[in-house]
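Undergrad: Sequence:
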Amino acid sequence: ERTNMSNITYGTQKTGVTRDYSIFKYFDRNRIVSKTNVEKLRQDMALNTQKDEVVVNEKWQVIDGQHRIAALEKDKKPVKFRVKPGANMQDVIAANNTGTKWNTPAWVRNFSHPDHVNNKPYVMYIEFKEKHKLCDGVCQLLLSEDFHDYGRKSFKNGTFKVKNLGRAEENAAALAELVAVDKMFNSMRCAVGFLKIQKLPHFKLTILKTQVEKHCNKITHRVTHSDWVDGLIRVYNFNLKAPAKRIRNSII
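Quick note on numbering: the sequence shown equals residues 1 to 252 in the numbering used here.
Worth double-checking, as some hints may not be accurate.
What the hints assert, rightly or not - Using 27 Å as the maximum straight-line C-alpha spacing, the simulated DSS-like pairs for lysine-lysine come out as follows:
#: 1; residue 1: Lys25; residue 2: Lys59
#: 2; residue 1: Lys196; residue 2: Lys156
#: 3; residue 1: Lys25; residue 2: Lys77
#: 4; residue 1: Lys84; residue 2: Lys59
#: 5; residue 1: Lys133; residue 2: Lys120
#: 6; residue 1: Lys59; residue 2: Lys35
#: 7; residue 1: Lys35; residue 2: Lys133
#: 8; residue 1: Lys129; residue 2: Lys77
#: 9; residue 1: Lys14; residue 2: Lys51
#: 10; residue 1: Lys153; residue 2: Lys131
#: 11; residue 1: Lys199; residue 2: Lys131
#: 12; residue 1: Lys156; residue 2: Lys84
#: 13; residue 1: Lys131; residue 2: Lys209
#: 14; residue 1: Lys163; residue 2: Lys153
#: 15; residue 1: Lys161; residue 2: Lys131
#: 16; residue 1: Lys74; residue 2: Lys84
#: 17; residue 1: Lys204; residue 2: Lys163
No lab work stands behind these hints, which were simulated from the structure alone.
Please build the complete structure, drawing on both the sequences and the hints.
TA: Next comes the structure, spelled out in structure tokens:
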């Protein structure tokens with residue numbers, strides 16, 4: 001069967017090869033180059049050469065391939081590149097979504113930059129995480145109060161919002177007290193469970209902390225947030241003496 005060649009459109013992007021590594025420029029909002037990734041690429045390209053061209057815009061700003069450039073420069077090998085006119089930071093983000101995934105530090109570095117219109121929540125996130133020493137998932141949950149996906153999607157989209165900083169600070173301080181007892185409490189699922197049980201009638205943080213210090217080994221299943229709800233209630237109520245009142249999983 002013959003191919004209809006009239007249905008094919010050929011691109012006109014320029015391609016080239018260079019050993020002048022100084023011509024490449026980098027967005028300061030891009031993620032920091034990982035030495036580990038560079039070394040992996042060096043090993044891979046030693047066996048398979050450079051498989052994919054580096055992508056730059058007409059200003060020589062790197063859109064995709066900063067790790068490849070670093071790896072090739074270390075071995076003094078030529079860089080194959082192609083020019084995508086008009087490409088910008090949004091293209092960098094798109095390239096990294098389809099290639100090696102960005103992690104939380106990369107998203108924070110990008111979206112906390114003054115050039116990003118919604119940078120303030122990310123600046124607040126940096127300060128919040130540094131202050132309370134809680135993991136990324138917990139910080140995103142406490143600040144967003146998003147129980148659908150715990151703030152993860154908006155965080156990666158650059159649209160993250162802080163719902164109530166004062167309440168987030170209070171909840172973080174409370175969780176930090178539990179984490180000081182055992183690091184297993186520094187988890188997003190635990191945070192969800194904690195936020196749920198503190199709404200129960202008769203709940204008191206002072207009692208939970210005292211009980212956790214004595215009986216945290218009673219929390220044996222920690223796979224889901226429901227496991228954490230059950231485990232925290234079990235610890236809270238264990239050998240609890242009057243006049244303290246027990247809590248019951250009646251509204252969760």
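Undergrad: Going straight from one Cα to the other, do Lys196 and Lys156 come out at no more than 27 Å?
TA: holds, 25 Å
Undergrad: Would the pair Lys156 and Lys84 pass a check requiring their Cα atoms to be no farther apart than 27 Å?
TA: Holds, at about 24 Å.
Undergrad: Under the criterion that the straight-line Cα-Cα distance not exceed 27 Å, is the pair Lys25, Lys77 satisfied?
TA: Distance ~18 Å between Lys25 and Lys77 Cα, so the pair holds.
Undergrad: Is it true that the CA of Lys74 sits at most 27 Å from the CA of Lys84?
TA: holds, 25 Å
Undergrad: Decide if the proposed pair is consistent with the structure: Lys161 and Lys131, CA atoms, cutoff 27 Å inclusive.
TA: With Cα atoms ~19 Å apart, Lys161 and Lys131 stay inside 27 Å; holds.
Undergrad: Take the C-alpha atoms of Lys199 and Lys131, compute the straight-line distance between them, and say whether it is at most 27 Å.
TA: At roughly 25 Å apart (the allowed maximum being 27 Å), Lys131 and Lys199 satisfy the hint.
Undergrad: Take a quick look at whether Lys59 and Lys35 sit within 27 Å of each other, Cα to Cα.
TA: Distance ~26 Å between Lys59 and Lys35 Cα, so the pair holds.
Undergrad: Under the criterion that the straight-line Cα-Cα distance not exceed 27 Å, is the pair Lys14, Lys51 satisfied?
TA: Since the Cα atoms of Lys14 and Lys51 sit roughly 17 Å apart, the hinted pair holds (cutoff 27 Å).
Undergrad: Measure nothing beyond the straight line between the CA atoms of Lys163 and Lys153; if it is 27 Å or shorter, mark the hint as holding.
TA: Between Lys163 and Lys153 the Cα gap is close to 15 Å, so the pair holds against 27 Å.
Undergrad: Mind checking the alpha carbons of Lys131 and Lys209 for me, to see if they're no more than 27 Å apart?
TA: holds, 20 Å
Undergrad: Is the hinted pair Lys25 and Lys59 satisfied, with a Cα-Cα distance of at most 27 Å?
TA: Holds. Lys25 to Lys59 sits at ~8 Å (cutoff 27 Å).
Undergrad: Lys133 and Lys120 were given as a pair; does the straight-line alpha-carbon distance stay at or below 27 Å?
TA: Cα-Cα ~20 Å, so holds.
The structure shown violates just one earlier hint, number 8.
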